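Student: Let the sequences and hints guide you as you build the complete structure.
If you're matching them up, the sequences are chains C and V in order. Quick note on numbering: the first sequence equals residues 1 to 172 in the working numbering. Quick note on numbering: the second sequence equals residues 1 to 554 in the working numbering.
Possibly wrong hints are sitting among the right ones.
Said to hold, decoys possible - For lysine-lysine, the following DSBU-like pairs were computed, each having C-alpha atoms within a straight-line distance of at most 35 angstroms: (1) V:Lys521 x C:Lys71; (2) V:Lys521 x C:Lys169; (3) V:Lys459 x V:Lys521; (4) C:Lys71 x V:Lys293; (5) C:Lys169 x V:Lys131; (6) V:Lys293 x C:Lys156; (7) V:Lys459 x C:Lys71.
If you are wondering where the hints come from, they were derived from the structure by calculation, not from laboratory data. Since this is a predicted model, take the numbers as computed values, not measurements.
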Amino acid sequence: LISPIAIGILRGPTDSSDRESMRERRSIPSHNDDYPAPRSRAPQPPSRAQRGRGGTRMSSAMYERMRSNPKFQHLVRTRSRFAWTLAITVLVAFYGFVMLVAFQPALLGRPVMEGSALTVGVAMGSTIFVSFWLLTALYIRRANGEFDQLTEEIIKEARHAEHAAAARKEVA
Amino acid sequence: MNRALVSLYVLAAPVLALAGGPDLGQAEKQATNWHAIGMFLVFVALTMGITYWAASRTKSASDFYTAGGGITGFQNGLAIAGDYMSAATLLGMTAMTYGQGYDGYLYMVSFFVGWPVILFLMAERLRNLGKFTFADITSYRLDQGKVRTMAAISSLTVVCFYLIAQMVGAGQLIKLLFGLEYKVAVIAVGALMMVYVIFGGMIATTWVQIIKACMLLVGGTVVMLLAMSRFGFSYSVLIAKATTIHKLGPKLLAPGGLLADPINAISLGLGLMFGTAGLPHILMRFFTVGNAKEARKSVLVASGFVGYFFNVIFLMGLCAIMIVGQDGQFFEGGKAGGKLVGGGNMVAMHLAKAVGGNLLLGFLAAVAFATILAVVSGLALAGASAISHDLYARVIKQGKATEAQEMKVSKIATLSLGVVAIFLGMLFEKQNVAFMVGLAFGIAAAANFPVLILSMYWKGLTTRGALAGGYGGLAAAVLCVLFSKSVWVAVLGNPAPLFRWDQPALFAMPIAFALAIVVSKLDASARARAEAEAFEDQYVRAQTGYGSAAAANH
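Tutor: Set out below in structure tokens:
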């Protein structure tokens, strides 16, 4: 006998990161499958959106497993801190620049050095272009490497735990 | 100085450079330019071939809306850059640098800085939570019917105002560049757009955008290099000559009057930064890639090309001061210093002619037209998805529509949007449409962005809060623009504006946020509690991408 949870794994409607199962399911019209409804411990069904969705409890259990993984907490904390640090750097630098434009316009028209063709404003503007792009590259380097690695581990561990739980249930 | 630049007193006008609605004013019809028409026909033939190819690959709804998620990060980056670098960027920003010097550079810096913020705070979550439209994200744990209806209304509003600006811009541009009739241009753009979108869906739209972006990058670079060769590729020589010749003198490289009012400057900065993050056709681009990794890469590629191109344009504008500004053949009456032939926005075109002859001029003109076509296609696709995916499949059919039905509706929607666009283009022929893009940006920043970001970041957002914030932001943005100088005075003929700034973002965005937050906080319903509970799972998916739509096998 296969337990309902195991069926959930086999059908895995929300687990579309699995390319194999995607390929099999492509022809089936299944818009709703990608939108797991709110978790079932919600006091009341919030809307009709929740009706008729198989596999919801299943994916919710997966999310629960991921959430309780310390690696997930670590990922969220480090990535948020990193992203916000960069975002605030960008915002402060840009709006600081805008303030200079608004209140010190003459300064921006001065050459960076006596006799230089390069003016402060153009130098700052081009620095913004280059440095913001480099910050973008910096974020992507870390996100596509370290953070994605961590994400993969979290998903893999949750999936292993899920399989193990299903197997236990089957044996029982 | 020339008239078009003076008309830039409306700060909203340069705003449209961002996503491609040129306010070219009333353009004068030029002699028929066969080089340009020939090269444009080559572009059309090429894109038709691509559409034919794309049609054979557009089978599912996912193919149609998001190219099956099969676009690579690099390709998508080019396409985003294409959406961003419009005809108005090329023409308007070159003209602005030519006339105002440093102010042009300031605008381009402002257009650029939204991208890093979108990447750091949104790109990943957008990709992980969304499927076809951004309403997928806002309605993720809220009431599907109501929230999607709201998102579709504001998406369609943004798309319509944008389309008007694009269609009118296309007509004017064609009169200017090709010497064809306004009506011919509007119908041609509408018809071509319908063909691309209906048959080729997102695959064709993306490739049209990619080809156009490459053409634009190549065209701009060639013109810039040829122009810089006149100054021995020396920035110092260029600046020394330009500041001697230009009427602004050394002030050419200092900020002028356009951003003098700090409130306006900040409001514009907010509008540009967060308006971009609320534009349906830009947001949709994040669903065309396979995963968050590729979504991030596309931002890197897009911002790299955009940043590069803005600097190219700055150099083009400065070179034009010497090359175009000193050449009598580009001025009416044949004497340098008067009114530019074809109007102020022709600076880039004149520069191309001066350094590369009619062939380069023709190429650049074809690029400009291709640009409008590509942006219009992206807009139509975004509008069609709001109708078919959000309104039809989710609200009317409540998720029970088959894929075939949904696609059929999206094609009918595209056809209708095309007809509407042609009709509006004709209707607004004589109007100054600059304020419409300002309005579109204001709505995107005030109605779409706050609800979108709150739904991703704030557990407490409820359906009621989202509706209050979304509709409130929409109303606030529309009213601010209505009472601003560009509509209240210029269109409605009142003596003084009731709202004295040009960009609504600084005022409408806080209203939207405040309404969404306060109403959510006051919402003590059982549904509100369930929605807050549902955030937990959404949060894990947003962070890990587990359960999100994966790439199809292309």
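Student: Which hints from the list above does the structure break, by number from lowest to highest?
Tutor: 2
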